[in-house]
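Taken in order, these protein sequences are the chains called A and B. Under the numbering used here, the residue at position 116 of the first sequence is numbered 116, and the numbers go up by one with no gaps. To convert, count from 1 in the second sequence and add 1000; that's the numbering used here.
Read the hints as simulated data drawn from the structure, not as lab findings. Remember, predicted model here, so these are calculated numbers, not experimental data. Each statement offered as a hint is correct.
Computed cross-link-like contacts, SDA-like style, restricted to lysine to any residue with a CA-CA straight-line distance of at most 25 Å:
(1) B:K1061 / A:M8
(2) A:K26 / B:E1089
(3) B:K1012 / A:E70
(4) B:K1058 / A:T27
(5) B:K1012 / A:R30
(6) A:K12 / B:D1093
(7) A:K12 / B:E1016
(8) A:K58 / B:A1028
(9) B:K1012 / A:L36
(10) B:K1012 / A:V57
(11) B:K1026 / A:R92
(12) B:K1012 / A:H55
(13) A:K12 / B:R1037
(14) B:K1026 / A:N90
(15) A:K12 / B:G1099
(16) B:K1012 / A:A45
(17) A:K26 / B:V1057
(18) A:K26 / B:R1019
(19) A:K12 / B:R1073
(20) A:K58 / B:E1011
(21) B:K1061 / A:E39
(22) B:K1012 / A:I40
(23) B:K1012 / A:C75
(24) B:K1061 / A:L36
(25) A:K12 / B:E1070
(26) B:K1058 / A:S18
(27) B:K1026 / A:Q38
(28) B:K1012 / A:R37
(29) B:K1061 / A:L33
(30) B:K1026 / A:V97
(31) B:K1026 / A:G112
(32) B:K1026 / A:V57
What follows is a list of derived Cβ distance ranges for each label pair:
(33) B:T1052 / A:G111: 33 to 43 Å
(34) B:K1026 / A:S148: 11 to 21 Å
(35) B:Y1158 / A:E56: 48 to 58 Å
(36) B:E1044 / A:T186: 39 to 49 Å
Beta carbons are placed, not taken as given, at the ideal position from N, Cα and C, and that holds for glycine.
Residue strings, one per chain:
There are 2 protein chains.
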Amino acid sequence: MNQEYPSMLLEKAVNEFSRLPGIGRKTAMRLVLHLLRQEIGVVEAFGHAMITLKHEVKYCKVCHNISDTEVCRICANPQRDGSTICVVENIRDVMAVEGTQQFRGLYHVLGGVISPMDGVGPGDLQIESLVDRVNRGGINEIILALSSTMEGDTTNFYIYRKLGETNVKLTVIARGISIGDELEYTDEVTLGRSIVNRIPFK
Amino acid sequence: MNQEYPSMLLEKAVNEFSRLPGIGRKTAMRLVLHLLRQEIGVVEAFGHAMITLKHEVKYCKVCHNISDTEVCRICANPQRDGSTICVVENIRDVMAVEGTQQFRGLYHVLGGVISPMDGVGPGDLQIESLVDRVNRGGINEIILALSSTMEGDTTNFYIYRKLGETNVKLTVIARGISIGDELEYTDEVTLGRSIVNRIPFK
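From just these sequences and the hints, can you work out the full model?
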């Protein structure tokens, strides 16, 4: 498209938006014109929120999650159970687990999974600091909540080996058919696993 | 969702994004984390592009399109044909017509269509200034490119009445079945119109 924009500033704003993943030029134009109809304060709040976040973002020195301070709000919350740690790949997974409201322990963000294909080795991930956390004591259970892929399984196994000498309880989140799914349409591997890992009916 | 965000700044940025139309909280989080992975310069360019646009946006005094200057880039372009004016509802429609690369004239942005239901009367639209443009001379043709709705038709008719005394040529964009459409699935009104308004086969 060789469209002539009536305004350079408009073109620039549309270009910036259309660089975002999943946002095409038409959506970008719609978003920019939406913001343009808002009060100046709203537009400034929008622009500055992202700039401020980028300038001031820190990573929690305990769990490596995004944080405003040295220690993140979740780690610093005295209401949470510090003896249980859920190991996840990234911050989106933290938010996913938080969204369930079923977990009141702390997290440990690895920053990825071991993937030789992508050049990610154990040294690129926050695995050593997880071992350090366990060695400092006070932790009863580590819940592994990584993706159910070859890379996730490899990482789980690596962590299992690293923590083998400590006497912390190591668990992995349940895999099986989704709530509401029909057996008929479930893939064989998932259905097979959910049969092997069946639990007592209460 | 009563998710606990690890960072207030992150939460604020996600909130700002999720206020945009069609952007939910998950998409907002994905966009924010994408920007967070970019260089600081990219994030600042993104934030400031929108703020600068909002601060410095003007409306072209000729066609009422968005502009950086008193007269927009399209109106100021000497390569364009100033004797033909395409009348559209809003700037998205300007971009849509520009996208076709079939029009090299100028535009006139009404800012909406006459809609008594929404309390929009002729006085709320840039119709008087269109009449003024015609009266200043040099214009041969006005192309009406409004939506094919009752409101669009009403506005077309109002403009037709207003320009009735001038001897400018008034045309309306063709309505008919879309390129690639099958007759069988076209609605009756559109198909009927495209039969009534048939053109010589060349």
